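*Asks:* Those protein sequences? They're chains F and D, same order as listed.
Take 1 as the starting number for the first sequence in our numbering and just add one per residue.
Take 1 as the starting number for the second sequence in our numbering and just add one per residue.
Hints listed in this document are in silico derivations from the structure and should not be mistaken for laboratory results.
Be aware that one or more of the hints could be misleading.
Unchecked claim - List time: in silico EDC-like cross-link candidates among lysine to aspartate or glutamate, alpha-carbon distance up to 20 Å:
| no. | chain 1 | residue 1 | chain 2 | residue 2 |
| --- | --- | --- | --- | --- |
| 1 | D | Lys134 | F | Asp214 |
| 2 | F | Lys72 | F | Asp132 |
| 3 | D | Lys192 | D | Glu319 |
| 4 | D | Lys239 | D | Asp137 |
| 5 | F | Lys439 | D | Glu319 |
| 6 | D | Lys152 | F | Asp214 |
| 7 | F | Lys179 | D | Glu6 |
| 8 | D | Lys234 | D | Glu319 |
| 9 | D | Lys236 | D | Glu107 |
| 10 | D | Lys170 | F | Glu417 |
| 11 | D | Lys285 | D | Glu311 |
| 12 | F | Lys182 | D | Glu6 |
| 13 | F | Lys175 | D | Glu6 |
| 14 | D | Lys239 | D | Glu107 |
| 15 | D | Lys192 | D | Asp45 |
Said to hold, decoys possible - Stretch by stretch, here's where chain D covers chain F in the computed footprint (C-beta under 8 Å, at least three residues):
| no. | stretch |
| --- | --- |
| 16 | 142-156 |
| 17 | 449-458 |
From a predicted model like this one, the values you see are computed outputs, not experimental measurements.
Ideal Cβ placement from N, Cα and C applies to all residues, glycine included.
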Amino acid sequence: MLFNSYEFIFIFLPITFFIYFYLNSKRLITLSKAFLILSSLFFYSWWNISYLPLILISLVFNFFVGEYIYNKKYLLSIGVIFNLGLLGYFKYMDFFIENINLALDKNISLLHLALPLAISFYTFQQIAYLVDSYRGETKEYSFLDYTLFVTFFPQLIAGPIVHHADMMPQFNSSKNMVKSYKNISLGLFIFSIGLFKKVAIADSFAIWATQGFDVATSLNMVEGWITSLSYTFQLYFDFSGYTDMAIGIALLFNINLPKNFNSPYKATSIQDFWRRWHITLSDFLKRYLYIPLGGNREGEVRTYLNLFITFLLGGVWHGAGWTFIFWGAMHGGALAIHRFWQNMGFKMNSILAWIITFNFINISWVFFRAKEWGDAIKVLDGMFFGAIILPTALSSKLNSLPIEFGKWSGIFHSSPEIIIYLFGGFIAILALKNSMELKRLFRPTPLYMIWTLLSLMSIFILYRKSEFIYFNF
Amino acid sequence: MILRYESYTKVLISMFLTTIFGAVIYSYFFIQNYPIPITNRISLDAKIGFIKNRVDRDRVDTIIVGSSIGLNNVAGEVLEKSSKIIDGVLNLSVYEATSPQIEQVLELTPLFPNLKRVIYSAQFSDFAYAGRLKDFDSRFIIDYISGNLSIKDMTSFYFRSCQNIFFCIKRQWSWGREHQNSNQFTYLGFDKTGSVPLGIYGDDIIKSRWENPHSDRESDYAFRALDEIAKKLKEKRIKLIFVMQPYREPLVKKFKHLKPTMERFESRVKSILDRSGGEFLNLHKRLHLKDIYFADRSHLNSKGAVISSGEIAKFIDREVKR
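For reference, chain F alone in the conformation it holds in the complex:
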C-alpha cells in the first residue's frame, strides 16, 4: 500500500488510528500493540503476501539470537551471516550469476527472484540490534515490542532506518498511549508537505527524467542537463517526501521518527552532503561499518581506505548493479579526496564549493539512475558534448554565434513548464526551509491550517500514482 493512495489515506490509516487508540483508551495495551503489528503486516502484505513469511522468519530469528548473543562472538557471526545471506540471496544472486557467466563464459540460469520489499531496511535495523545486543547495549525487550520495532508500518518500507534505542522507549511510554491533538495536527502538517512533494513535484520531474533516461536515444546539451537535473530533483523530493509522510504518520501514533534529510542540496562539501542526505543510513554506515573498520584511528591512508570501502558498500546496498557500485565508489573517492583537502588545510569560497558539490552530486546521480551503462553515457554525453540548440526566439539576438536555433529540447516538446519547474526546484532546495525546520516552527494557526489543507489537495492529482524510488533499495 502506498502512502499516496486512496486506500491508505481514506481507509487503512483512519481505521488503524481509531482502533489503536480505542484499545489504548480501554487500557488494552498489549492488544493495541498486537493490533498495530497486525495492521503493519497487512500494510506490508498488500503488495505481495508472499513476502510475509520472509520478514516473519527474519524477525523471529533475530529476536531469539539477540536474546542469547551477549558476548558470544560466534552467535554474532551466525546472526550477521544469516542477515547478509538473506539479503545477498534475494538481492544480489542474479547479479552475481550474471557476472560469473560473463567472466567465465558460462550459462548458469538466473533465479529471477522477486526482491522482497523493504529487505534492505529491515536487515540493517536487525543487524544493528544484534551488534548492540552482543555489546550489551540493549535492554530486555519483549517479542511484541521487538516485532513492533521492526514492522511499525510508517518506517517499514523505506525508512528512516530506526534504532531500537530510539523506538522501544516510545512504544512503552504511557504518555504515548493517549491520543495527542498536538501530534495529530503536526503529523497532518508534515504528512501533507510530504504528499505535496511526492505527488506535485517529484512525479512531475519523473516524467522528464524518464523521457531522457529511458526513452530518448540521444540528447542535446539542454536536454542532457534537463534530464540529469530532473532526476536530481525527483530523487530528493520523492525520498524526502516519503520520509516526511512517514514522520507525519508516525506522529499520529505519538512516535517520533528520526530526521532523515536536512536540505542536502545546500551542502558545500561531499562530507556535508552525507550529513544532510539519508542521515539514518549515514549514521548506520558510520556506526556499524566505518568505525568497526577502524574509522580514523589507524592512520590517514587507512582512513581514506575505510571511507572508500564504506561508501562502496553503501553503493552495493542501494542496488545490484555496476552503476550503483560505481556511484558508491565515486562518493567514497570524493570523501577521501575531501578529507585529504581538509588535512592539507586548503580552503574554498563557499559559492564555488557549493557549485562543485552540487554538480558532483548531480553527475553521480546519473549513474545511480541509469538502468544500463549506455544510458548513463548517453546522458553525460548530452550534458558535456551534446549540440547546443537555443530557442528560435533568441536567433535574432545571437545569430552571430555558431549555435543552432530551433527545438531546444525536442524530446520534452520544448515546454517552458520544465524551465519553471527547474527554477522552482532550485528555489525550493536553496532558499526555502525544509520540512524539519517547518516542523519546529509549526503553530496551530489558520495559516498552517490553510497550508496543510492546500497541500492535502495533492490527493486530487494522485492519478499519476507511482511507487517511491527508495522502495527498490
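For this one, chain F is given, so just place chain D on it according to the hints.
*Replies:* Positioned in the frame of chain F, the structure of chain D alone reads:
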C-alpha cells in the same frame, strides 16, 4: 491567532472532508456536462461521449476518419443528403490524428454492425509523423459506449476519470473558450454526424497558417499504418475510400517542394491501396478550389466542406458503388 490543538485539528479535518465532498459533487457535475477524460485527447473523449449519447449506431454505414482534415473538411450531413447510397454517417476523426492513431480508433468498428465503408480524409502533411495514442483501450471504450460496464466498473471509471480534479477544472474552463467557437481550429461543436465545419472567414484567418506551407517530411511508419488499415478493413469487407483533400493552389505554385511532395504522397497511397485494397480520390486535382473555400493552407471552411462532401458523395455513388 493561535488555536487550541484540539479545535485546530477538528476544524482542519472538517474542512478537508468538506472539500472532498465538494469534489465529489463537482465530479458528478463534470461527468454530466463535459468530455470525460478517457484518452489523452479531448477531441476523442468528446467523440466517445457523442457516440454514446447521440448516435444511432445501427444506422451508421459510413465512417469518416482522419485528423482535422477529416473532422473539418468533410461535412457528414452533406454527405448523407447528397449520396443516394449512404444512409448514416459518423465522423470519427480526431484532431491531429496520425495514421497509427487512426488504426487504433478503427478498433472501435465493432460498435457499428452495419458499417460498409470508411472514408479516410487526409492531406500529405498528416503523414509526417506517426505517434500512437497513449492508454487507448478499445475493449474498454466499446464496453463503455455499449453500456456493458458493470456498475462497479462504471463507478471505478468515473472515479479514475475525476481523480485529477484540477485537470477536470482546466478542461471545463477551456471547453467554452477553446472548443465551442467555430472560428478556432480547436472547435468541437459537432453536427449530428460528428463533423466540425469551421466558420473561419476573413479576419479570423491566421496569416501564418494561410501563407506558410507544410514541409515535405514524411514518415514510413505512417504509410505502414495505412497499409495495415487497408488490410484490416478488407478482411472485414469494409470498403476504404482514401480522399486526398485540396491544398491552397497559390501555395502549390509558389513553393516548389509542394507539387512533388503531393505527387509522391499520391503515388505512395495509391500503391498501398492497389496492393491492400481501397479507392483513391484526389479532390485537389478534381476541384481546384478557390481561396474563398479555405480556412488556411489545407483546412476548408464550412462552405468548402460542403463542396468537398458533395464531390465525395458523387464519387461514392458513381464509382465505389460498382
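*Asks:* All hints are to be evaluated individually against the structure, with a verdict given for each.
*Replies:* Verification of the hints:
1. D:Lys134 - F:Asp214: Given that 20 Å is the threshold and the Cα spacing comes to 17 Å, the pair holds.
2. F:Lys72 - F:Asp132: Roughly 12 Å between the alpha carbons, so the hint for Lys72 (chain F) and Asp132 (chain F) holds.
3. D:Lys192 - D:Glu319: Given that 20 Å is the threshold and the Cα spacing comes to 26 Å, the pair is violated.
4. D:Lys239 - D:Asp137: Distance ~25 Å between Lys239 (chain D) and Asp137 (chain D) Cα, so the pair is violated.
5. F:Lys439 - D:Glu319: Violated, at about 77 Å.
6. D:Lys152 - F:Asp214: violated, 36 Å
7. F:Lys179 - D:Glu6: holds, 10 Å
8. D:Lys234 - D:Glu319: Distance of about 17 Å is within 20 Å: holds.
9. D:Lys236 - D:Glu107: holds, 12 Å
10. D:Lys170 - F:Glu417: Holds, at about 16 Å.
11. D:Lys285 - D:Glu311: Within the cut-off at roughly 12 Å; holds.
12. F:Lys182 - D:Glu6: holds, 7 Å
13. F:Lys175 - D:Glu6: Satisfied, since the Cα-Cα distance of roughly 17 Å is no more than 20 Å.
14. D:Lys239 - D:Glu107: The given pair, whose Cα atoms are some 15 Å apart, holds under the 20 Å limit.
15. D:Lys192 - D:Asp45: Status holds; Cα separation ~17 Å.
16. 142-156: Per the Cβ count (0), the hint is violated.
17. 449-458: Contact hint for the stretch 449-458 of chain F vs chain D: holds, 5 residues under 8 Å.
Hints 3, 4, 5, 6 and 16 from the earlier list are contradicted by this structure; the remaining hints agree with it.
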